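Listed here are the chains, written in short residue letters.
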Amino acid sequence: MLELRDVHAHYGSSHILQGVSLRVGAGEVVALLGRNGVGKTTTIRAITGLISVSRGEILFKDTPIQDEPPYRRARMGMGLVPQGRGIYPNLSVREQLLLPPDRNGRWSLQEIYALFPILRERRRHAGDQLSGGEQQMLAIARALRSNPELLLLDEPSEGLAPMMVKRVGEVLQDIKRQELSILLVEQNLSLALSVADRVYIMNKGVIVHECPAAELAQDEETQHRLLGV
Amino acid sequence: MISFEALLTHLLNGLAYGLLLFLLAAGLSLIFGMMDVINLSHGSFFMIGGFIGIGLVGVLESFWLALLATVLIVALLGLVVEVALLRPLYYRSHLDQILLTFGLALILEDGAEWIWGTRIQSLRVPEALTGSVEIFGAVVPVYRLAVLAAGVLLGAALWYVLERTRLGSIIRAGVADREMTAALGFNIPVIFAGVFVFGVALAAFAGFMAAPILGVYPGLDFQVLILALIIVVIGGLGSLTGAFWVSLLIGVTQSFGQAYFPAAAAFILYLIMAAVLLLRPEGLFKRRYA
Ligand SMILES: Nc1ncnc2c1ncn2[C@@H]1O[C@H](COP(=O)(O)OP(=O)(O)OP(=O)(O)O)[C@@H](O)[C@H]1O
Ligand SMILES: [Mg+2]
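Sequences listed follow chains U and P, in order. Positions 1 to 229 (this note's numbering) are the ones given, in order, by the first sequence. Positions 1 to 290 (this note's numbering) are the ones given, in order, by the second sequence.
Hints were generated in silico from the structure; no laboratory data involved. Check before you lean on any hint, since a few could be wrong.
[Unchecked claim] Listing some non-contacts, in silico: residues in chain U with all C-beta distances to chain P over 10 Å: (1) Gln18; (2) Asp62; (3) Ser108; (4) Leu130; (5) Lys166; (6) Glu179; (7) Lys204; (8) His209; (9) Ala213; (10) His224.
[To be verified] So, partial list: chain U residues that the calculated Cβ filter (under 8 Å) puts toward chain P: (11) Thr48; (12) Tyr71; (13) Ala74; (14) Arg75; (15) Leu80; (16) Pro82; (17) Tyr88; (18) Pro89; (19) Asn90; (20) Leu91; (21) Pro100; (22) Ser146.
Since the structure is predicted, the reported quantities are computational estimates derived from the model, not experimental observations. Each residue gets a CB set at the ideal place from its N, CA and C atoms; glycine is no exception.
So here's chain U without its partners, still in its complex pose (with noise of 0.2 Å):
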């Protein structure tokens, strides 16, 4: 689904991501782990068009894409839940989930009413009226609304209340169930766990471990080493 060769990017002069290779196969749910400041938002930017690949290679269902505008890449199928959520404070809940350019699948906005039943009843809210919590299942609902093939995930927990990490979980493995490939990138590691059937580690804007999900829960050391938990 997703292939990314030794992939190089800067930002002015820093050169952050210094040689990235991963992949994300049809129906996987891959897990990006790192501390602060290694490279993962970057390396979502890089796939996503928002910041160009100095060197490398992206490949989105077998056709290299790093020379597309982002726009092509989303209507070719990827869906972006960003950092931060990317909520539009003057745009009601609905607004926001009509957006996405239309391509066919299952996620018609009754669809999306039935899994997120918090949106119905905030549809006519503005983005800055909702909670933390109901942003972040916007932002995840408003992927899914353009049936994407590849849905990126940046740290779609952070800064959430316990309960609301709860349910971003089970969301996740609801849209898991869906053979969606997902790319989720995630402080919390066991959230990442609880979803991912692979994980890569990032340190200093390369990959330096890659195992099962079920592997890096059992490998203590590992987790300390590359994450710091």
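Place chain P with the ligands on chain U using the hints.
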């Protein structure tokens, strides 16, 4: 003694003038809100709309055809400016954008002077809209009422499109967060160009409609640009509703000021702007489209 009829006449004139300013300020505000570009050449499109309009009325011998053609021609000019000059500057500093758009405004003003001269040119009101009507004893030119109606209708249409259609939500989304909107599948450069050209077309429309009232001359561009900037600043950057009410306020203030305290008319405006900036730096209305 100031009569009621005179007050009403000044009020209606002021409202008509205010609505013309609103059409100009709306484009400026949309372009700023969406692209974060302060387009100092916006007033030039207003002036050019007037000049081209006068020329075309002569050629086409129809006010309405000339209006349509003027808007299309100036919009095309706007498209060229967007693609050739502005697009490379979107990710540069505000200072670069100000220098470029200010430079463009100077060039357009010199160009206009070279083509059309410095004389004030005027446009005759179309046959159908000549004459005056009496409202509660006040004599009001029909053309002013037509400008009022056109301004209100366009303003309402603009509000409807922005607030009630999907295109409107896409534009508001782009105003709030470009990157997210791109990541949702929208071609931001094309949307930018569309908004810019639309804003320019509004300016040209306003400039054309204003020609029979204000006349057209080099210098008009900066005169209206400054008023539009004041409107956008007082109204709250990126707030269309704010721009609407402040435009009316400024139109009416100008109209009364010029009638009763001509020496202080401009001064009053700057005083209002300074007061708003001191008390509410974000403007009277919160930025939230529309
Ligand atoms: N806009 C920017 N300009 C310059 N440097 C940046 C920018 N954004 C991020 N960086 C730097 O790039 C590095 C990687 O940042 P990135 O956001 O990818 O980290 P992250 O792994 O997502 O961290 P976090 O867990 O805090 O979200 C950091 O050192 C950061 O300081
Ligand atoms: Mg991050």
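Hint check results:
1. Gln18: holds (23 Å)
2. Asp62: holds (20 Å)
3. Ser108: holds (16 Å)
4. Leu130: holds (14 Å)
5. Lys166: Holds, because the least Cβ-Cβ distance between Lys166 (chain U) and chain P comes to about 26 Å, which exceeds 10 Å.
6. Glu179: It holds; Glu179 (chain U) is separated from chain P by about 22 Å at its closest Cβ, greater than 10 Å.
7. Lys204: holds (25 Å)
8. His209: The claim holds: His209 (chain U) sits with its nearest Cβ about 28 Å from chain P, beyond 10 Å.
9. Ala213: About 27 Å separates Ala213 (chain U) from the closest Cβ of chain P, which puts it past 10 Å; holds.
10. His224: His224 (chain U) clear of chain P: closest Cβ-Cβ about 35 Å, beyond 10 Å.
11. Thr48: holds (5 Å)
12. Tyr71: At 5 Å from the nearest chain P Cβ, Tyr71 (chain U) passes the 8 Å test, so the hint holds.
13. Ala74: holds (4 Å)
14. Arg75: holds (5 Å)
15. Leu80: holds (4 Å)
16. Pro82: Holds, about 7 Å.
17. Tyr88: Holds: closest Cβ of chain P sits about 4 Å from Tyr88 (chain U), inside 8 Å.
18. Pro89: The hint holds - Pro89 (chain U) has a Cβ within 8 Å of chain P, the shortest such distance being about 6 Å.
19. Asn90: holds (4 Å)
20. Leu91: Cβ of Leu91 (chain U) sits 6 Å from chain P, so the hint holds.
21. Pro100: Since chain P brings a Cβ to about 5 Å from Pro100 (chain U), closer than 8 Å, the hint holds.
22. Ser146: Holds: closest Cβ of chain P sits about 6 Å from Ser146 (chain U), inside 8 Å.
Violated hints are absent here; each numbered hint is respected by the structure.
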